[in-house]
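Asker: The lines below spell out each chain.
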Amino acid sequence: MNGSGFRAYKLAFLLPGLLILLAIILFPLIFTIRVSFSSWDAITPGLNNAGGINYAKLFGDVRYWQSLGRLSLMAVGTVLLQYLLGLGLALLVWREVKLRRFFRVLFLVPMMTTPVVMSVVWRTIFHESLGPANDLLGMVGLGPFQWLTSASTAIVSVMIVEVWQWTPFMFLLLLAGLLSLPREPYLAAAIDGAGPIRTFFNVTLPLLAPVSIGALIIRLIEASKIMETVYVLTSGGPGTATETTGYYIYIRGLRDFEIGYASALSITYLVIMIVALTIIAKLLVKVFIGERT
Amino acid sequence: MKVLLQLTSTCCLAAFALATPVRAEDGAIDYSKYGDYAVYGSAPDEPGACSYEAMAKKDYKGRTLKVISHAVPVIGEPTDLHAKQFHDLTGAEVDVVHIPFGDLYQRIMIPFQTHQAAYDVMFYPSLWIGDIHDFLAPVPDSYRDVSGMKDVTVNYRDVATWGDQMVQYPVDGDRHYLKVRADIFNNPDMQARYKKATGKDLRIPTTWEEYNDIAVFFSGWDWAGDGKPHFGSAEVTKRDDLMFSAFISRVAAYAKNPNVKGGFFFDLATMKPEINNPGWVKGLEMFIAAQKAFPPGGNNFGLGDEIFSFGGGQALMSYSWDDAFIQAMEKGSPIRNKVTAAPLPGSTQVWNRNTNSWDKFETPNAPPYITWGWTSAVNKTSKNQDVAFDFLCFFSNEANAELDLQIGRFGINPYRTKHFDPKFWQDKLGWDASVATSYVDTLSGMDKSNNRVFDLRVPGVNQFMSTLANGVAEAMAGQKTPQEALDGVAAQWTEIVNKIGPDKVRAAYANVVALEDQGR
Numbered sequence: 001m002n003g004s005g006f007r008a009y010k011l012a013f014l015l016p017g018l019l020i021l022l023a024i025i026l027f028p029l030i031f032t033i034r035v036s037f038s039s040w041d042a043i044t045p046g047l048n049n050a051g052g053i054n055y056a057k058l059f060g061d062v063r064y065w066q067s068l069g070r071l072s073l074m075a076v077g078t079v080l081l082q083y084l085l086g087l088g089l090a091l092l093v094w095r096e097v098k099l100r101r102f103f104r105v106l107f108l109v110p111m112m113t114t115p116v117v118m119s120v121v122w123r124t125i126f127h128e129s130l131g132p133a134n135d136l137l138g139m140v141g142l143g144p145f146q147w148l149t150s151a152s153t154a155i156v157s158v159m160i161v162e163v164w165q166w167t168p169f170m171f172l173l174l175l176a177g178l179l180s181l182p183r184e185p186y187l188a189a190a191i192d193g194a195g196p197i198r199t200f201f202n203v204t205l206p207l208l209a210p211v212s213i214g215a216l217i218i219r220l221i222e223a224s225k226i227m228e229t230v231y232v233l234t235s236g237g238p239g240t241a242t243e244t245t246g247y248y249i250y251i252r253g254l255r256d257f258e259i260g261y262a263s264a265l266s267i268t269y270l271v272i273m274i275v276a277l278t279i280i281a282k283l284l285v286k287v288f289i290g291e292r293t
Numbered sequence: 294m295k296v297l298l299q300l301t302s303t304c305c306l307a308a309f310a311l312a313t314p315v316r317a318e319d320g321a322i323d324y325s326k327y328g329d330y331a332v333y334g335s336a337p338d339e340p341g342a343c344s345y346e347a348m349a350k351k352d353y354k355g356r357t358l359k360v361i362s363h364a365v366p367v368i369g370e371p372t373d374l375h376a377k378q379f380h381d382l383t384g385a386e387v388d389v390v391h392i393p394f395g396d397l398y399q400r401i402m403i404p405f406q407t408h409q410a411a412y413d414v415m416f417y418p419s420l421w422i423g424d425i426h427d428f429l430a431p432v433p434d435s436y437r438d439v440s441g442m443k444d445v446t447v448n449y450r451d452v453a454t455w456g457d458q459m460v461q462y463p464v465d466g467d468r469h470y471l472k473v474r475a476d477i478f479n480n481p482d483m484q485a486r487y488k489k490a491t492g493k494d495l496r497i498p499t500t501w502e503e504y505n506d507i508a509v510f511f512s513g514w515d516w517a518g519d520g521k522p523h524f525g526s527a528e529v530t531k532r533d534d535l536m537f538s539a540f541i542s543r544v545a546a547y548a549k550n551p552n553v554k555g556g557f558f559f560d561l562a563t564m565k566p567e568i569n570n571p572g573w574v575k576g577l578e579m580f581i582a583a584q585k586a587f588p589p590g591g592n593n594f595g596l597g598d599e600i601f602s603f604g605g606g607q608a609l610m611s612y613s614w615d616d617a618f619i620q621a622m623e624k625g626s627p628i629r630n631k632v633t634a635a636p637l638p639g640s641t642q643v644w645n646r647n648t649n650s651w652d653k654f655e656t657p658n659a660p661p662y663i664t665w666g667w668t669s670a671v672n673k674t675s676k677n678q679d680v681a682f683d684f685l686c687f688f689s690n691e692a693n694a695e696l697d698l699q700i701g702r703f704g705i706n707p708y709r710t711k712h713f714d715p716k717f718w719q720d721k722l723g724w725d726a727s728v729a730t731s732y733v734d735t736l737s738g739m740d741k742s743n744n745r746v747f748d749l750r751v752p753g754v755n756q757f758m759s760t761l762a763n764g765v766a767e768a769m770a771g772q773k774t775p776q777e778a779l780d781g782v783a784a785q786w787t788e789i790v791n792k793i794g795p796d797k798v799r800a801a802y803a804n805v806v807a808l809e810d811q812g813r
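Residue numbers (my numbering), protein chains in the order written: chain A, 1 to 293; chain B, 294 to 813.
Hints are computed from structural coordinates only; laboratory data are not their basis. Here the structure is a predicted model, which means the values were calculated and not measured. All C-beta atoms in this analysis are idealised placements derived from N, C-alpha and C, irrespective of residue type, glycine included. Careful, some of the hints might be misleading.
Straight-line Cα separation of at most 25 Å, DSS-like style, residue types lysine-lysine; simulated pairs [as the list claims (entries may be wrong)]:
(1) Lys-673(B) x Lys-443(B)
(2) Lys-653(B) x Lys-554(B)
(3) Lys-792(B) x Lys-565(B)
(4) Lys-488(B) x Lys-377(B)
(5) Lys-716(B) x Lys-57(A)
(6) Lys-225(A) x Lys-57(A)
(7) Lys-624(B) x Lys-57(A)
(8) Lys-624(B) x Lys-716(B)
(9) Lys-676(B) x Lys-377(B)
(10) Lys-554(B) x Lys-57(A)
(11) Lys-57(A) x Lys-653(B)
(12) Lys-377(B) x Lys-585(B)
Selected chain A positions facing chain B (Cβ under 8 Å, derived; list incomplete) [as the list claims (entries may be wrong)]:
(13) Ala-50
(14) Pro-132
(15) Gly-141
(16) Leu-148
(17) Thr-153
(18) Ser-180
(19) Pro-182
(20) Arg-183
(21) Glu-184
(22) Ser-235
(23) Gly-236
(24) Gly-239
(25) Ala-241
(26) Leu-254
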């Protein structure tokens with residue numbers, strides 16, 4: 001078989017997969033880009049040519065940029081907390097402990113529940129008249145708190161739900177990472193007389209770095225799409241205090257039916273996210289692995 | 294042969310009996326065959342083109358009707374129920390798609406815009422008429438002449454009409470009104486306490502100032518005697534959960550001047566938004582001031598929260614659609630027959646944009662707000678318009694409407710003259726005479742007003758209402774002053790008008806103004 005025949009043969013096998021990839025990934029993206037250059041809304045249907053008017057408009061859209069800032073705070077804050085809690089839980093059940101299997105399953109329960117349903121449950125918990133949160137805190141002399149009706153506490157409430165729901169994901173990945181670590185470095189550390197804290201910082205954490213970076217990036221990508229929790233808990237309020245970019249795009253696109261403008265918002269958001277996450281990934285590599293890369 | 298004929302006719306009759314929705318022995322209609330509806334009794338099948346009897350004579354076998362409706366239960370459940378009945382009567386297949394409220398607009402709009410006849414029949418909020426009237430088939434004369442349609446009150450015929458054409462088929466009647474705890478207002482001890490504290494008589498508020506004062510006084514203490522703190526006012530305040538309607542209810546008193554024609558939301562002549570004039574700002578200030586009387590979490594109340602706060606006895610007063618009142622009057626409610634209905638409060642000072650001053654009124658100006666309401670329509674491009682209109686005609690026939698009104702979760706509220714008979718509510722639902730009378734008097738009184746407010750039924754209504762709600766929410770949260778917030782909304786409204794085209798918006802808004810300005 002000559003070289004060109006071999007390439008054609010390979011191409012024939014790859015083509016169906018590539019076409020499917022194009023259809024399900026690239027086509028919606030390209031279509032969204034096309035829509036973003038139209039003024040499609042309730043009054044002007046279809047794909048006309050509006051030039052870059054939507055992109056020009058979004059630069060002056062204060063609500064959009066504020067939502068992006070808010071989202072950054074919420075995403076970075078919740079993912080860091082999830083990492084710390086997930087790592088703590090994973091370390092707890094990594095070694096031989098009683099009821100280890102039970103705890104491993106228990107810690108995963110929040111992740112296995114439907115986000116919208118759990119947001120409704122949390123909205124009930126946070127309900128300032130009927131919910132148990134204020135009742136329970138009242139028993140120890142705390143509160144009552146305006147969980148969903150004060151700007152500062154509402155954002156914390158949304159973050160609590162996000163952390164509760166997605167810490168198990170972090171736990172799962174980090175536990176898998178811990179279970180796959182080689183035993184030899186620990187034996188060497190023990191022979192050298194390293195205590196548990198030194199072993200953790202000098203052996204466990206560096207060895208876990210690739211998994212940590214992967215987990216943080218995956219969660220940051222997911223957290224940057226916070227939507228259901230905000231939708232159910234606060235509808236972006238009070239005022240715009242908890243409005244995230246995803247929720248704002250939903251309002252402009254599906255509620256207000258400004259399809260063209262919402263597409264421009266989405267594409268801009270996508271570009272910002274790609275750039276931001278690339279930078280964050282490089283920073284994480286530097287922090288966790290340092291000069292070794 | 295005779296035996297064969299007899300056998301055939303017997304079989305046909307049996308098949309007809311099986312296919313026909315259950316009738317009581319007196320020929321009345323009930324829903325017991327279709328679910329847990331037996332408790333709602335029966336209603337007579339009034340003769341006419343939309344009756345069960347008339348529908349049973351139609352043969353739509355092989356025809357399929359595609360219907361889009363709201364999620365169950367509000368309007369979705371009656372759609373399902375009547376679709377099954379219609380199928381049993383006529384043989385038509387009725388495929389009902391249920392869509393959550395947040396997605397309903399785009400699910401209806403995208404097929405329209407892409408020229409697909411995705412649905413023959415649509416159920417949706419009536420204020421979308423400004424966006425979709427071009428896609429709707431006018432209601433044929435034959436259906437406008439049926440007894441049920443002739444009995445629809447003037448407000449709901451107006452709601453269904455675009456220009457001089459009826460393009461929506463009325464199936465519901467909605468409006469905002471005040472609901473209060475009559476047992477507290479009539480309690481001599483409460484009256485004395487209020488008098489002592491404020492020097493004023495405790496009475497059902499006729500102005501928003503009185504409303505706020507009473508609400509604040511009755512907040513944070515146990516006036517119901519059940520050991521829990523209670524509160525003065527439950528209002529719909531969640532930004533994207535119909536809060537704009539609550540705000541407009543409050544604003545109307547200050548900004549809908551009966552002496553000023555030509556627009557409440559805009560000045561029709563110039564299409565300049567009026568939403569930041571002093572009347573609107575005053576309404577927003579009063580809305581913000583009322584927060585002191587909200588239950589905990591009341592700043593984030595959606596419609597469901599408002600319904601259960603008032604309907605569950607937590608709040609003294611509330612205003613919005615019928616649901617909270619109906620909830621309060623459900624069997625088993627702790628405040629059943631302890632409530633009363635009244636018109637929305639008003640104001641003795643009303644902004645006059647022609648003179649740029651406040652007009653004073655001896656009798657408070659209290660414009661009824663005919664807001665929202667579920668409606669239905671037939672797609673202009675539908676190939677099944679005959680079946681579709683028959684379905685809607687059947688859906689809203691007198692017997693069905695009478696039974697649907699009694700099932701609170703259906704979300705169907707009075708819209709025909711015959712629904713405004715106190716005896717109906719007393720006999721069918723066991724309401725006390727005073728409650729039933731206050732209810733029907735309040736609702737029917739709105740039809741007599743010549744200073745009504747309707748929704749902003751223009752193209753892009755969702756954009757207008759969404760920006761309004763956001764501005765109001767920002768002011769409610771203290772992020773902006775009322776004037777700053779409404780100035781911001783006015784700027785955005787101007788931008789939207791310019792984008793859509795001032796002439797296009799003006800032409801649509803003229804229809805709203807015509808309804809609001811026409812006398813009675």
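Asker: Among all the numbered hints in the text so far, which are the ones the structure does not match?
Answerer: 4, 5, 7, 10, 11, 12, 13, 14, 15, 17, 18, 19, 20 and 21
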